[in-house]
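Quick mapping for you: the protein sequence lines, in order, are chains A and Z.
Convert by adding 29 to the 1-based position in the first sequence; the result is the number in our numbering.
Convert by adding 29 to the 1-based position in the second sequence; the result is the number in our numbering.
Just so you know, these hints were derived from the structure itself, not from any lab.
Note that the structure is a prediction, hence the values are computed from the model and not measured.
Wrong hints could be hidden among the right ones.
No copy is singled out in the list; a pair is fine if it fits within one copy or between any two copies.
[Claimed, not checked] No farther apart than 30 Å at their CA atoms in a straight line, the calculated lysine-lysine pairs in the DSS-like style are these:
#1 Lys147 with Lys68
#2 Lys155 with Lys131
#3 Lys153 with Lys57
#4 Lys84 with Lys135
#5 Lys185 with Lys84
#6 Lys72 with Lys155
#7 Lys164 with Lys84
#8 Lys164 with Lys31
#9 Lys38 with Lys185
#10 Lys85 with Lys135
There are 2 protein chains.
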Amino acid sequence: MKIKIEEVKKGDINSIVKLQMRLADYHKEIDPRYYRSGKESEKQRRERLKGYFSKKRKNTKILVAKVNGKITGFLKGAIHKLHLYCREERMGEISQLYIDEKFRRKRIGKLLFEELLKWFKKRKIKFIEVQVDSKNKIAIVAYKKYGFFEFQKRMKLDL
Amino acid sequence: MKIKIEEVKKGDINSIVKLQMRLADYHKEIDPRYYRSGKESEKQRRERLKGYFSKKRKNTKILVAKVNGKITGFLKGAIHKLHLYCREERMGEISQLYIDEKFRRKRIGKLLFEELLKWFKKRKIKFIEVQVDSKNKIAIVAYKKYGFFEFQKRMKLDL
């Protein structure tokens, strides 16, 4: 199986939106009070992806994994300013990662991640952050494998 | 002991900056690689607080607790837009809470929090989020007491 990692192209928008919708649906299953379905955000996602191609996107990077020309996963990373209380001014953030279920356990996530890492390093980023739902065991296990560890919690109070 | 909760005034800026610096130093002790000292961000904090008074601040609220006219704690809350994947469009966020060490265990934090809650409810906010360092046991215990529970983790990878 030949896996090709490359930057997203305009023609990939539909495939990416489909994967994003599955990622959203997966979250909705985890916590239906907090997350909404992929269908509910489909239009905005498509618009946002189109916007990605119309701007000079020096602080965002979307990578796709292709197997025989078919997109089987994607990874979105961004460079953000950090809070006033942090030593560093900027950090790298992983904002979305999704691999088609049928193509998991083939190191596709790892390959996408390593490619993004090169971009972060070239931009002199010192650390990468990612936010995961505490019930999203698949993501937590994957990120631990990549070397991430929990350092902050987000807590919530429903009114 | 008479505790008065009120909105921050221009004349309170110096007292608030001092408390913010102690909050920063407390975090620096927890993780000196990630957080910087209060001194290092003092100037920007003062500027930011001044800015708070110069803008129509309909999405930020800073409350102070006064004991005999002296500021013994403060709480900063904000209303933020939520991500595309969330059902709600907005949420309330607690961004800073600090009580002078000598005045802890007197329910000052709780009084500040209850006052902020009224503001969030008036603005039709459905839930409140707060981000804490996983090693900040004081904060985690306090927020659990107020009814918060962990729902997301932030993970980090140092490059």
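Notebook entry, point to check: Taking each numbered hint in turn, which are not upheld by the structure, reported in ascending numerical order?
Noted result: Failing hints, ascending: 1, 2, 4, 7, 8, 10.
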